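Number of protein chains: 2
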Amino acid sequence: MSARSASTRKNDPERTKADILDVATEEFAANGLTGGRVDAIAEKTRTSKRMIYYYFGSKEALYLAVLERSYRAIRSLEADLKLSDLPADEALRVLVSTTFDHDEAHPDFIRLVSVENINNAVHMQRSEEIRDLNVSIINTLDDIIARGVKEGVFQRRPEALDVHMLISAFCFFRVSNRHTFGTIFRLDLSEPALMSRHRQMIADAVLSYLMTPEGK
Amino acid sequence: MSARSASTRKNDPERTKADILDVATEEFAANGLTGGRVDAIAEKTRTSKRMIYYYFGSKEALYLAVLERSYRAIRSLEADLKLSDLPADEALRVLVSTTFDHDEAHPDFIRLVSVENINNAVHMQRSEEIRDLNVSIINTLDDIIARGVKEGVFQRRPEALDVHMLISAFCFFRVSNRHTFGTIFRLDLSEPALMSRHRQMIADAVLSYLMTPEGK
DNA sequence: CTTGACATACTCACCGGTTCGTACATTTTG
DNA sequence: CAAAATGTACGAACCGGTGAGTATGTCAAG
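Top line first, the protein sequences correspond to chains D and V.
At position 119 of the first sequence the residue is numbered 119 (this note's numbering), and the sequence of numbers has no breaks.
At position 207 of the second sequence the residue is numbered 207 (this note's numbering), and the sequence of numbers has no breaks.
Rather than coming from a laboratory, the hints here were simulated on the basis of the structure.
Any given hint could turn out to be false.
Given that identical chains are not distinguished, each listed pair holds provided it fits within a single copy or across any two copies.
Cross-link-like lysine-lysine pairs, in silico, BS3-like; alpha carbons within 30 Å at most [stated by the list, open to error]:
1) K49 / K59
2) K44 / K59
3) K59 / K17
4) K17 / K49
5) K44 / K17
6) K150 / K82
Values in this document were obtained by computation on a predicted structure and should not be read as measured data.
All chains should be modelled from the sequences, with the hints used to inform the complete structure.
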């Protein structure tokens, strides 16, 4: 009965909240939790600092909201990779490339995770949502490895988690440590040539590892 | 004049400076640059805040001094690895293990590097000393790879820098992302069993990569 | 349809603790 | 005594957070 139709309204809380989250993501990714300034966020927003507190309550709560939204975004990515049709080795190459490209494409997320680690992941631990992250990628990987072993392509059967870590570490590091690594070795890690070379390498390395029998 | 009887002051500038640097390293590693508090450092020190400014001038300068001292420490580590006597594959295993153990043993250094990356490595770039870091590890690695290829043990000749990155990334990530990774997968990455498993894996992975011919 | 009560969305000005940094006095060393 | 080293107390800006009131939209009663 009650026609709760979506009429055009001047008050637009959803957009306001989303606006705040967008700006806050940038700010916290750029400056960390303690380095991020609420006033700075407020300024870059369509609204005021008071609104940030109205909707999020505190700086930390805002930070947590930012973190949760960021993790929500990658969760969806991990979900729909249809790799079961491909042969194990090809599937693994796709998985590695996807991880690599994702990290390259989302430096803000990488930085937020770094920030969270500096903070000992305390906010993450407090968040049901993130703690219960569906770690479907482990199952996917485990399936690929099992298939590869059965098909005889893979000669080794490590923990899926360890392989995931091998892949993640490289892809993550390339982005997270871009600045220090780049400074020491006088490199620009965002250069396309280097990027594709590294993308190739991490896939080759993971595959070589799996295809080499245990006794080396 | 003053009734200050028993405690006669003893000037010890070197020890004072070192004391400040020790405490500051902990503080900045734990809380970042913006999160680190000068007053907190002063309190944990034998001396006062006044002394921090007397010797280091500013919070940022103190941070830079901390960073430089930390890098100086690892530089010495990289320098004296005598691996030329060992066969290429064994030498590489030693190199990987050394890197792994170093990162595990110096979480504060890892955190400082993370912090510096959040800061886009601006302090590092300003520091002649760090910028001119002798990256001898690259030469060491390059030598090992060349020998391995000549001996026929290695079937592939990648850039030493890329291999260094593959090794570094894994060892670094294990420490830097200990908290988030541990939270998501409900693991304690500092557990000895996991540690040695991972130590084994990264060495195996790097060797597998080098020993597998290019065409996969 | 009008009105007015009520809830949600939003504005403005401001506070008080925190925190980097310093002025100034004092002591130690050479 | 001069210079280096140190202690004490405080200033001033910064910054997270809030009090109090205003606008906007909803809905039901008249």
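Hint check results:
no., hint, result
1, K49 / K59, "both (11 Å within a copy, 28 Å between copies)"
2, K44 / K59, "both (16 Å within a copy, 28 Å between copies)"
3, K59 / K17, "within (14 Å within a copy, 35 Å between copies)"
4, K17 / K49, "within (12 Å within a copy, 42 Å between copies)"
5, K44 / K17, "within (13 Å within a copy, 41 Å between copies)"
6, K150 / K82, "within (19 Å within a copy, 42 Å between copies)"
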